[in-house]
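S.K.: Residue numbers (my numbering), protein chains in the order written: chain A, 1 to 110; chain B, 1 to 113.
Hints may be right or wrong, so weigh each one.
Distance ranges between label pairs, derived from CB positions [to be verified]:
hint, chain 1, residue 1, chain 2, residue 2, range
1, B, N73, A, E67, 40 to 50 Å
2, A, G53, B, T15, 48 to 58 Å
3, B, L11, A, P8, 31 to 41 Å
No more than 25 Å apart at the CA atoms, straight line, and that leaves these computed lysine-lysine pairs for BS3-like [to be verified]:
hint, chain 1, residue 1, chain 2, residue 2
4, A, K97, B, K65
5, A, K97, B, K71
6, A, K97, B, K57
7, B, K17, A, K97
8, A, K97, A, K56
No lab work stands behind these hints: they were computed from the structure.
For clarity, every value in this text was computed on a predicted model and none was experimentally measured.
Where is the CB? At the ideal position from N, CA and C, for every residue including glycine.
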Amino acid sequence: GQQVMQIPQYQHVQEGEDFTTYCNSSTTLSNIQWYKQRPGGHPVFLIQLVKSGEVKKQKRLTFQFGEAKKNSSLHITATQTTDVGTYFCAGNTGGFKTIFGAGTRLFVKA
Amino acid sequence: EAQVTQNPRYLITVTGKKLTVTCSQNMNHEYMSWYRQDPGLGLRQIYYSMNVEVTDKGDVPEGYKVSRKEKRNFPLILESPSPNQTSLYFCASSRTSVSGELFFGEGSRLTVL
Numbered sequence: 001g002q003q004v005m006q007i008p009q010y011q012h013v014q015e016g017e018d019f020t021t022y023c024n025s026s027t028t029l030s031n032i033q034w035y036k037q038r039p040g041g042h043p044v045f046l047i048q049l050v051k052s053g054e055v056k057k058q059k060r061l062t063f064q065f066g067e068a069k070k071n072s073s074l075h076i077t078a079t080q081t082t083d084v085g086t087y088f089c090a091g092n093t094g095g096f097k098t099i100f101g102a103g104t105r106l107f108v109k110a
Numbered sequence: 001e002a003q004v005t006q007n008p009r010y011l012i013t014v015t016g017k018k019l020t021v022t023c024s025q026n027m028n029h030e031y032m033s034w035y036r037q038d039p040g041l042g043l044r045q046i047y048y049s050m051n052v053e054v055t056d057k058g059d060v061p062e063g064y065k066v067s068r069k070e071k072r073n074f075p076l077i078l079e080s081p082s083p084n085q086t087s088l089y090f091c092a093s094s095r096t097s098v099s100g101e102l103f104f105g106e107g108s109r110l111t112v113l
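Sequences and hints are given; from them, build the entire structure.
M.R.: Structure (structure tokens):
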């Protein structure tokens, strides 16, 4: 079945360092979404990418969708303690199922 | 305020005792879905509903039932809970049945002894 692999599982950074998490799908995706879950909270939508090669930015966050629409990345520049949480990618192949990656938990040391 | 409301937020129960986790959304969304979250496994879809009276299995439907009699409500039923259903459960909704931004509830932490 369709799988979405996400790496790394954990990342410890010093405040001010950059952070990247990667997602790879076993099948071509129609779109990919990114969510953030703060510790003890619920997932909150960040962004959706639809087009091949698409790049979107939200302040210090940069999201990319691969040319083949099978991979994606989230890059955070100059992390802050407020970035702490788990980041999930979620892929959709055009149907009614959204498959989530296992998430990358980000720890930021002040 | 637009929201997805789940109840109960926390529940400890015993094996075999039927329970229902309710989910309600006030955004008139067509699509609703249930996920369970377990360490290292991310969010796995249990069931989803494209609209009233239309439901389908996700990736881990065994041991669960759902119904969608009204557009706003999508309860998750555990007929005979077992310890392997101890998990954090999230209900989510989306405007249409085509993929789009999912709005999540606060989560329901269930422990089955």
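S.K.: Indicate, hint by hint, whether the structure satisfies it.
M.R.: The hints, checked one at a time:
About 42 Å separates the C-beta atoms of B:N73 and A:E67, a value consistent with the hinted range of 40 to 50 Å. Look at A:G53 against B:T15: about 51 Å separates their beta carbons, and that is inside 48 to 58 Å. Taken as a hint, the range 31 to 41 Å holds for the pair B:L11 and A:P8, whose Cβ atoms sit roughly 33 Å apart. Using a Cα cut-off of 25 Å, the hinted pair A:K97 and B:K65 holds, with the two alpha carbons roughly 17 Å apart.
A hinted pair counts as satisfied when its Cα atoms are at most 25 Å apart, and A:K97 with B:K71 qualifies at roughly 19 Å. Simply put, A:K97 and B:K57 have alpha-carbon atoms about 9 Å apart, close enough for the 25 Å limit, and the pair holds. About 30 Å separates the Cα atoms of B:K17 and A:K97, which puts this hinted pair outside 25 Å; it is violated. Taking the CA atoms of A:K97 and A:K56, the gap is about 24 Å. The hint holds against a cut of 25 Å.
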